[in-house]
Amino acid sequence: MSKIIEVKGLQKSYGHHQVLRRLDLSYEQGQVIGLLGPNGCGKTSLIKILTGLIHDYEGTVLIDGQAPGIYTKSVTAYLPERTYLPEWMKAKDAIDYFQDFFADFDKVKAMDMLMRFRLDPEQKIKTMSKGMQEKLQLLIVMSRAAKLYCLDEPLGGVDPATRSAILDVIMNNYADKSTVLISTHLINDVERIFNSVLMIGEGQVKLNASVEEIRESGRSIEDIFKEVFSFAW
Amino acid sequence: MLGKLIKNEFKAGLHSVANIYIAAFAAVALMAVSLAFDITWLTAISLIAVIVVALGILIVTLISIVSNFNKTLFRDQGYLSFTLPVTSGQLLFSKAFCSFCWLLLSYASVIAIFISIFYFAAEQVGEENLAMIKILISTIAELPDTAAIISVIVTLVTRVFLKIIFLVAEIFFAITLSNVRPFQRQSFLPAIIIFIVLYGVLNTVSTLLSAYVPLSLLISVQGIQFTTQAMSGGNMVLSLADIIFEFALTCLFFYLSAWFMNHKINLK
Numbered sequence: 001m002s003k004i005i006e007v008k009g010l011q012k013s014y015g016h017h018q019v020l021r022r023l024d025l026s027y028e029q030g031q032v033i034g035l036l037g038p039n040g041c042g043k044t045s046l047i048k049i050l051t052g053l054i055h056d057y058e059g060t061v062l063i064d065g066q067a068p069g070i071y072t073k074s075v076t077a078y079l080p081e082r083t084y085l086p087e088w089m090k091a092k093d094a095i096d097y098f099q100d101f102f103a104d105f106d107k108v109k110a111m112d113m114l115m116r117f118r119l120d121p122e123q124k125i126k127t128m129s130k131g132m133q134e135k136l137q138l139l140i141v142m143s144r145a146a147k148l149y150c151l152d153e154p155l156g157g158v159d160p161a162t163r164s165a166i167l168d169v170i171m172n173n174y175a176d177k178s179t180v181l182i183s184t185h186l187i188n189d190v191e192r193i194f195n196s197v198l199m200i201g202e203g204q205v206k207l208n209a210s211v212e213e214i215r216e217s218g219r220s221i222e223d224i225f226k227e228v229f230s231f232a233w
Numbered sequence: 001m002l003g004k005l006i007k008n009e010f011k012a013g014l015h016s017v018a019n020i021y022i023a024a025f026a027a028v029a030l031m032a033v034s035l036a037f038d039i040t041w042l043t044a045i046s047l048i049a050v051i052v053v054a055l056g057i058l059i060v061t062l063i064s065i066v067s068n069f070n071k072t073l074f075r076d077q078g079y080l081s082f083t084l085p086v087t088s089g090q091l092l093f094s095k096a097f098c099s100f101c102w103l104l105l106s107y108a109s110v111i112a113i114f115i116s117i118f119y120f121a122a123e124q125v126g127e128e129n130l131a132m133i134k135i136l137i138s139t140i141a142e143l144p145d146t147a148a149i150i151s152v153i154v155t156l157v158t159r160v161f162l163k164i165i166f167l168v169a170e171i172f173f174a175i176t177l178s179n180v181r182p183f184q185r186q187s188f189l190p191a192i193i194i195f196i197v198l199y200g201v202l203n204t205v206s207t208l209l210s211a212y213v214p215l216s217l218l219i220s221v222q223g224i225q226f227t228t229q230a231m232s233g234g235n236m237v238l239s240l241a242d243i244i245f246e247f248a249l250t251c252l253f254f255y256l257s258a259w260f261m262n263h264k265i266n267l268k
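These protein sequence lines map, in sequence, to chains A and B. If you read the first sequence in my numbering, its first letter stands for residue 1, the second for the next number, and so on. If you read the second sequence in my numbering, its first letter stands for residue 1, the second for the next number, and so on.
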């Protein structure tokens with residue numbers, strides 16, 4: 001299988017503060033990867049680099065064999081931890097916008113999910129609650145048949161019932177053979193869906209293992225998380 | 001992709017400026033009604049409203065260009081813009097093209113409004129509008145060469161276009177530079193300071209170049225000719241030095257803006 005993510009010697013600093021230190025990663029297609037770590041450990045920076053939002057880093061980053069650029073953006077679906085849709089748009093405008101720019105976008109699927117979420121296609125984003133905006137963003141991102149999905153804290157700030165619904169949307173809608181990278185610190189809710197776990201702390205990889213390997217050790221992901229990041233508390 | 005970017009850019013711009021154009025239409029309609037029915041007090045109020053709205057068109061258009069550029073690239077919406085499968089150059093071009101069109105429309109609207117006010121004022125003092133138009137047409141008809149007049153108009157329009165696109169380039173560069181790391185934390189203040197400094201310095205240099213560099217176009221009814229005389233008040237001489245200077249800077253500002261976007265800007 002070809003590598004969807006290849007990272008070698010990745011370093012990123014903000015001024016004198018180094019957030020990523022010589023990171024090496026490699027993932028093949030068709031996995032759900034949990035990107036775990038305490039706040040400020042570099043999870044979002046790593047995702048921003050993979051999605052082509054941060055350029056001033058050192059090291060090599062390849063998505064589907066290519067450095068971040070037009071091609072990688074066309075095969076990567078990104079859900080940031082904030083709402084990024086223009087407020088003047090209606091829900092249907094946002095769907096049309098994605099259809100305009102992404103060849104892998106499935107409008108029928110998006111409209112179907114819009115109805116299932118009980119969102120009004122005519123409602124302006126400006127008048128939606130934060131929860132509604134997050135749902136709209138999620139359904140738009142998951143309506144793409146991307147090779148790589150980068151979901152940055154998709155469960156942050158939502159109640160347990162909504163978390164479960166969000167996870168269902170993610171798990172039922174990502175394209176076959178795609179890779180899903182989910183950054184979160186709500187391990188309990190998501191550990192059932194991961195194939196692999198990547199723990200980052202102090203800018204370095206603390207653990208990169210398959211869930212099978214972790215289970216064979218007889219411990220849960222949460223136990224290992226607490227052990228690995230005991231320094232953070 | 002560029003066409004799609006431009007289409008969506010126009011849609012976004014329309015949402016920002018639509019209200020002021022509706023207000024302008026309403027004010028002009030009010031003035032027309034007051035004139036048609038000879039309601040003096042309403043004419044006075046609508047005249048003030050038209051002037052205020054005309055100025056409002058310019059201000060709202062400028063604010064919308066600045067706000068749209070900053071918001072869609074360097075605030076939350078930047079997370080969408082910069083993850084589209086397009087180059088920074090395409091993003092910049094679409095925004096510059098649409099900003100140029102909105103500015104041009106705003107100038108044209110304001111000129112049209114002030115011309116209508118001029119005719120309104122002329123009517124108030126009793127002059128015949130039709131007679132004035134006839135005089136204007138006969139003056140143009142008496143000019144020796146239509147081709148020469150067209151070339152003069154084309155040259156002057158090109159100059160105005162370049163001025164507009166130069167302004168857009170300065171605004172975009174100032175905002176982009178203010179989002180580079182050393183300035184990023186200070187909200188919008190660095191962009192304002194950078195723009196004022198750029199605008200002041202570069203316009204001074206441009207004026208000096210036009211006054212002292214002997215490379216110009218001599219514009220007359222016979223047509224346009226190159227001349228080595230500098231621009232002066234007495235002649236219809238259009239300086240080329242400042243045009244070349246502004247054109248080069250426009251290209252440089254767009255190039256640098258794209259370069260900063262590609263290499264130095266991390267979204268907050």
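Everything labelled a hint here was simulated from the structure, so no lab data went into it. Hints should not be assumed to be uniformly reliable.
Here are the simulated lysine-lysine pairs, BS3-like style, with alpha carbons at most 27 Å apart [stated by the list, open to error]:
id, chain 1, residue 1, chain 2, residue 2
1, A, K92, B, K264
2, B, K71, A, K90
3, A, K90, B, K4
4, A, K124, B, K264
5, A, K124, B, K163
6, A, K109, B, K268
7, A, K130, B, K264
8, B, K11, A, K90
9, B, K4, A, K8
10, A, K107, B, K268
11, A, K126, B, K7
12, B, K264, A, K126
13, A, K8, B, K71
14, B, K163, A, K126
What hints, given by number in increasing order, does this structure fail? 1, 4, 5, 6, 7, 9, 10, 12, 13, 14
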